[in-house]
Amino acid sequence: MSKAVLFVCQSCRVSSESDQADQAQMQPCENSQAGANLLRQLQQLQTQHQSCPHLADLDIQAAGCLWTCDRPCAVAFCAPGKPTYLFSAVAETAAPALLQMADLYLTRATGQIPWPQIPAALQSVDAARIPPLVAASVALESSTPDAIAPLPLDPALEASPPV
Numbered sequence: 000m001s002k003a004v005l006f007v008c009q010s011c012r013v014s015s016e017s018d019q020a021d022q023a024q025m026q027p028c029e030n031s032q033a034g035a036n037l038l039r040q041l042q043q044l045q046t047q048h049q050s051c052p053h054l055a056d057l058d059i060q061a062a063g064c065l066w067t068c069d070r071p072c073a074v075a076f077c078a079p080g081k082p083t084y085l086f087s088a089v090a091e092t093a094a095p096a097l098l099q100m101a102d103l104y105l106t107r108a109t110g111q112i113p114w115p116q117i118p119a120a121l122q123s124v125d126a127a128r129i130p131p132l133v134a135a136s137v138a139l140e141s142s143t144p145d146a147i148a149p150l151p152l153d154p155a156l157e158a159s160p161p162v
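Numbering-wise, numbering that gives the first Met the number 0 puts 153 at position 154 of the sequence shown, and it's gapless, one number per residue.
Treat the hints as calculated values from the structure; they're not laboratory data.
Computed from a predicted structure; not experimentally measured.
Hints are supplied without guarantee of correctness; some may be wrong.
Derived pair list, reagent style SDA-like, types lysine to any residue, alpha-carbon separation capped at 25 Å [claimed, not checked]:
no.	residue 1	residue 2
1	Lys2	Pro82
2	Lys2	Cys64
3	Lys2	Asn36
4	Lys2	Gln111
5	Lys2	Thr106
6	Lys2	Ala62
7	Lys2	Leu54
8	Lys2	Gln40
9	Lys2	Asp102
Label-pair ranges, simulated between beta-carbon atoms [said to hold, decoys possible]:
no.	residue 1	residue 2	range
10	Ala126	Pro79	15 to 25 Å
11	Pro130	Thr46	11 to 21 Å
12	Asp69	Thr106	32 to 42 Å
Backbone N, C-alpha and C fix where the C-beta goes; we use that ideal spot for every residue, glycine too.
Using the sequences and the accompanying hints, generate a full structural model.
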């Protein structure tokens, strides 16, 4: 079985109202390193759950930025042939719920998790399920060229570059 990865955004920081200007410029605020705290908690809990052998198939990694800066903390589950689950606005204290999610993700061959089975602490945050890359490539390969409509081009993008 290929390892699944849980990415934890390390740029995520909890901000205060006074940090709105910093966020507008994509500069992290200085209050708290929520993403780093969440990563540490996840790693500690993972080592404590040695009775769950499938958690050994989960690689918990720091990610530079998951682009949800206005909704910290952000995490993403991904594995070959499985959908990617992206969660943002995750509380720093959600590590146990994230490991429950990992348990579900790892034990299902397809990675598909029905919404009611997702841990309650993650049902109240922003979530996205992105189809697996394998499924997307199969869908494109099985489509006829006539079935794929070209994207409309922006005339401003077609202009020649300035000299």
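### Hints that the structure is at odds with (numbers, increasing)
11
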